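Visitor: Assemble chains B and C onto chain A, guided by the hints.
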Amino acid sequence: MTNPKPHSGARILTAVAAVSIATLTLTGCGGSGAGSTGSAVEAGSGEGTINVWAVDGQAAENDALKKIISNFESSQGKIKVNLKLFPSDQYTKAVNSAAPGDLPDVLDFDGPTLASFVYNGKMAPLKGSVSEATLSNQTDSIKGQNTVDDAVYGVGMMNAGLALWGNKKLLDTAGVAYPTTPEKAWTAEEFTGVLDKLAAVVPGGKPLDLSEQYGFAGEWGTCCSAGPVIWSGGGTMLKDNKASGALDSDANVKSLTTFASWKKYTDPNADGLAFTSGRVALSWVGHWTYPTYKALGSDLISIPLPDFGTGTKTASGTFAWGLGAGSKNGAAAGKFLDFLMMDESVQTYTEANGAPPATKTALAASSLYGPGKQLQLLGDQLSKACGTEEQINDTCVSVTRPVSAGYPIITDQVGKAEAAIYAGKDAKEALSAAARAIDQNFADNDGYKK
Amino acid sequence: MTMSRTLNSARRGGSMKRTRRWQTALHYLILTVVSLFFFLPVYYLIVGSFRPSEEVLSGLSGFIPTNMSFDNYTGVFDHLGSEATGYFGQFAAVSVIVTTAVVAGSLLVNSMAAYSFARMQWRGKKIVFLLVIVLTIIPFEAVALPLYFMFSGQRDTIYIQAIPFIANAFSIFLFYTFFLDVPGEIEEAARLDGAGPFRTFFQVVVPITKPAFATVAILTFLAQWGSYLWPVLMVSDPTVRPLPLAISIFQNQQPPEWGQVLAFGTMFIVPVLAVFLIFQRWFVASISSSAVKG
Amino acid sequence: MTTQTQTQRPPTSTLPARRRSSTGLGGHRFAGPIFASPALLGLAIFLVAPFVLALVLSFYRVQLNSPRPARFVGFEQYTRLFTDPDLAAAFGHALLNNFTFALIVVPVQTVLALALAVLVNRKLRGMVIFRTFIFMPLVFPLALTAVVWRLIYSRGDQGLLNAILGFLSGGTLTSHDWLGDPATAMGSIIVMSIWQSVSFQMIIVLAALQSVPTELYEAASLDRASKWDQFLNVTVPGIRNTLIFVALITTIFSFRLFDQVYLLSRSGSVDRGSTETVMTQIINTGFDNNNVGQAAAMTVIFMLIITLIAIIQRAAARQRGGV
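In the order they appear, the protein sequences are chains A, B and C.
The first sequence maps to residues 1 to 450 in our numbering.
The second sequence maps to residues 1 to 294 in our numbering.
The third sequence maps to residues 1 to 323 in our numbering.
Just so you know, not all the hints are guaranteed correct.
Unchecked claim - Reference listing, derived: stretches of chain A covered by chain B, where coverage requires no fewer than 3 residues with Cβ under 8 Å from a Cβ of chain B:
(1) 79-92
(2) 270-278
To be verified - If you want the footprint, here are the derived chain B segments under chain A, 3+ residues with CB under 8 Å:
(3) 51-62
(4) 144-153
(5) 238-248
(6) 255-267
Keep in mind that the hints were calculated from the coordinates and are not lab data.
In this text the structure is predicted, and so the values were computed from the model without any measurement.
For each residue, glycine too, the CB sits at the ideal point set by N, CA and C.
Next up, chain A with everything else stripped away, as it sits in the complex (with noise of 0.2 Å):
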C-alpha cells in the first residue's frame, strides 16, 4: 500500500519536535491520510469476523439490525459480525477520526458525507465485493447518492423521504381540503392561509410542526427543511461548484424568508409528541416517524411539501452501506453488503423504520409503498426523481443533495444560515455570509479536487 502521508505534514511534525522533546516520542499523526483512493479491497479469506460500524438509531432499527446480522451468523457458518453502535451525533467524527487501520470492514454512511469520506480514503468501491445482482437491484433514486466519480460505493437498504404528515380530523374542522399528489401541492402562499385556519381549531394556536426539535443548524436543516425550501423556490446552493450567485440568490432569499415566517405558526415540539398528541395539525418530517405516527390510523394523511415556484421538492438520499478502504477482508463484507440488501434483511429493516426499501423487489413488495397504499405519496415522490440540483425541473420531486467533498462545509453553513433566518436574522445577510464561507473552504481545497 502506498503511503500518500503529505510531505510537509512531516515537515510540521519535524519543526515541533524540534521545538519539544516530548513529540519526538509520540508517534501518532492524525494528518496521516488512508489508504490510496479508489482502489478496491483486498478480498482476504472471505471467512473469520469482519467489524461493521453503524448509527445507533431508533431502537427498534437497532433491534432490525441485530436481527439481520443473526440471521446472517445463522445463514453460514464461516463470517462472524461484530458490530458497532455510535451515537449519531459523534458518528462522522468516528469515521473522520479513525486512521485507515482502525476503520471497521463495513460501515454505514449517510449520503452526503460519502463524497467527502471517499475523498479522505475511508472507503472503498463496491466492484468485486458485492455481487453484480445486488448492484442491479437497487433503485435509481439511490443510487445516485452512493455514486462517486462514476463507481459505486455503497448500497442502501432504504431510501428517505419526506412530507407533511397531515390529522385528518384537524383539517376537516378547519375545512381545509389538501392535496394529495405532487403536482397539486399547496404554494407557499396557500400553505400561510391554511395555517391561519388551522390556528383557530388547535388547541395552543399553533398548528404546524417543523421539526425544530433536531435543530436547523444540521443536517436536517440542509436536508429535509431548507433544501427543499431552496430547490422548490428555484434555487440551488451550489452552480458550477460556487455558491456565491446560487445559495444567496433572490429566490433563496425569498423561499427562506417565507419559511422563517410560518414560527408564529411553529410548535417547537421538543418533546417529539406535537403530532399524536393532536397539538398540530401539520407535521413536516420524514418517513421515520412513520411507526409513531401510525398511531393515528386513518386520520394519518401525507400531503407534498408546499411548493415555493417550481413545484414541491424533497429530499432524498439517507444512509447506506459501504467497505472500509483498510479491510483486508473485502470478500466476506460483501457478502455480509449482499445479504444486507436481500428482500428479507431490507423488509424487516423498513418495516422497523417506515422507510421506503431502496431495493427494486424489495419496493414491489412493499405493504406500505406503492399504488392504493398509505405511503404511496412518499414512493411516488422517489420515482419522480431529479437527480442532483442542477438537474431539477418542475415536475421531478425528490433532489439529490450536493454530492461532494465539500459536503460538510456545505451542510454546516447552509444550516447555520437557516437557524440564524429562523430566528429573526435577515436572509441575504445570512445567506451571503454562508456562501461566502462555503466558496472560501473549496477555494482552500482547490475546489475539492483529486
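Guide: Below, chains B and C alone, put in the same frame as chain A:
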C-alpha cells in the same frame, strides 16, 4: 435580585430589635426562593426520570410526580444491552477508572511540583513557576485540536483519556498557596531527624495539608467526571466509552426519550451527589480552609 | 470610625513574597527539579507542545485526515482572520460573546457568591438543608446541565420556564424562545452557568466570612456602626483577598466557555451566531469544517489576548495587595 434583597435585609436588621422576628421570616423566605432556583432543576431531573417521556415536557405538570415507574431505567439498560451498543456499567466503569486515575495522579504529581515551587530552592525555579502560572489560563479546548493531531494513534484507549489531564497548572497553583503556609519549623524538625525531602514531604507535609488535597481532588473530580470534548475526539469504541458520550443516544430517539435521558442523567449524578452529601461537612470544611489563601 | 479596620489585614491572608524565603531543603540539590519534573513533563507534553504545534499549524493550510498535502501559507490565516469581512466579523463576534460573558459573569457571580454566602452564614434552624440545595448543581456535568436546561428553556408553553412565568404572571407573559431569540440566548446560557457553578465560589466566600475575626465586628458595634456599615467596612475588606481570588478563577473559567454552548447550539432552533464563543468557533472550524490551520490561528490569537488579560488582572491585583 437576591443580592439587593440580602443587603436590604442586612441594612434593616441593624436598627430595631423588634423587627428581628420579621427579619428572620424574611431571611427564610429569601432562602426558600434561592433554594428553589437551585433545587428545582435537580428535582425536575429526578422526578422526570421516573415519568413517561411524553409527560416530562408538559409545562408545570412536569413537576408533579404522577405515573411514576422504573420504565425509563429499564429502557436505558435495554438500549445499552449488547456488545454493539456497549453497556451502561461498562461506560460507568470507564468513567470511574479514568476519573480515579486523573484524581490520584493529579494529587501526587501536582502537589509535588507545588511543594518544589513553594519550599525548595533550585536554579530557574522562579521563571519556571511563572511559566506554570501563565499556563493556568490556557483552556484545554484551545489545545484539543493539536493534541488530537499528536495522539490520534492512541485513540480508543483508556489511558489517553486520563493522562493528558493529570498535570494541571491550576492545581499546582492551588497546592502552592497551601504549602506557603506550612510552618518552616516543622520541616526543619524533620530535617534534623534525618528525613530526606521525600520523607519530609510525604510524612510531614502531606498529613498537615489534607484540605489542599481535598480541594484539588474535588475540583479535579468534578471537571473530569463530566469531561466531554476529549472523549468525543478520542473515543469511538463502545468498550472504552465514558458516560458523558452516551447521553445523546436517548435524545436522538423518535420521539425523543426525555424520560430515558433524565434517567441516564440521574444515574450519572446520584452516586456523586450521595458521596458529596455524606461528606458535605468535611467537604465544606476542606474548601473553607483553602478559602482565604488566594 | 472604621479607618483602623480598613487597614487591618485578615490574619490568615498570606503574601507569597513574604514567605518564599523560608526554610528550604538545601541539602538535596536535585530534589527540587525532581519533585517538579513529572508535572512539568505533563504540562510540556499536553499543553505546551500542542500549543507550539498550533503555532506551527497556523502557518499552514491543512486538513485533518486529508490526502491533500499541507501547504505553507505564511501569515495568510492571520490576515484572513483580520481582513476577511466574514471571518473577522465572526471571530470578533465570538470574542465579544466571550467578553460579554466574562464581563457579566465575573462580577455577577462574585457578588452572588458573596450574597449567597452572607445568606447562608446565619445560624438558623434548617440551614444545612438550604445549603445542600444550593450546592447540589455543582455535581452536574456540563453535558447533563445542557440537556436539563434545554428542557427548561424550551420554546412554547410546554417549556418549564415559560410555564412557570406564565403561571406566576397569571398568563400575561407569553411563551418566549429563550435560546432561539438572539436577545436572550447569551443571557440564558449565563444563568445556566451561574446555576451550575456559583455554589463553589459561595463555599469559598463562606469560609472566608467565617474567618473574619469577631472582635472586628464587636469593635464596629461599639462604634454604633449599622449592619450595612459593618458589612462594607469590616466584612468586605476582611475577605477582599478571597473575593479577588474568586474573581480570578471565575475569569479563567469564563474564557473556557465551551461545553454548554457547544451542546446547546446543536439542539433546537438555536441561532449559533448569537452564542458562539471563541472556543466553540475553534472546534467548529477545526473539526466540523476541517480547517485546522484557521482554527490554529484563532487559538494563537485567543491565547495572546487572554494572556494579556491575565497579566493585567494579576498586576492589578498585586498592586492592590492581592494574590
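Visitor: If a hint holds in the structure, say so; if it doesn't, say that too.
Guide: Now the hints, each set against the structure:
1. 79-92: holds (count 9)
2. 270-278: Result for this restraint: holds, n = 6.
3. 51-62: The restraint on the segment 51-62 of chain B holds, since 5 of its residues have a Cβ under 8 Å from chain A and three suffice.
4. 144-153: Satisfied; 6 residues make the cut.
5. 238-248: holds (count 4)
6. 255-267: holds (count 3)
The structure meets every hint from the earlier list without exception.
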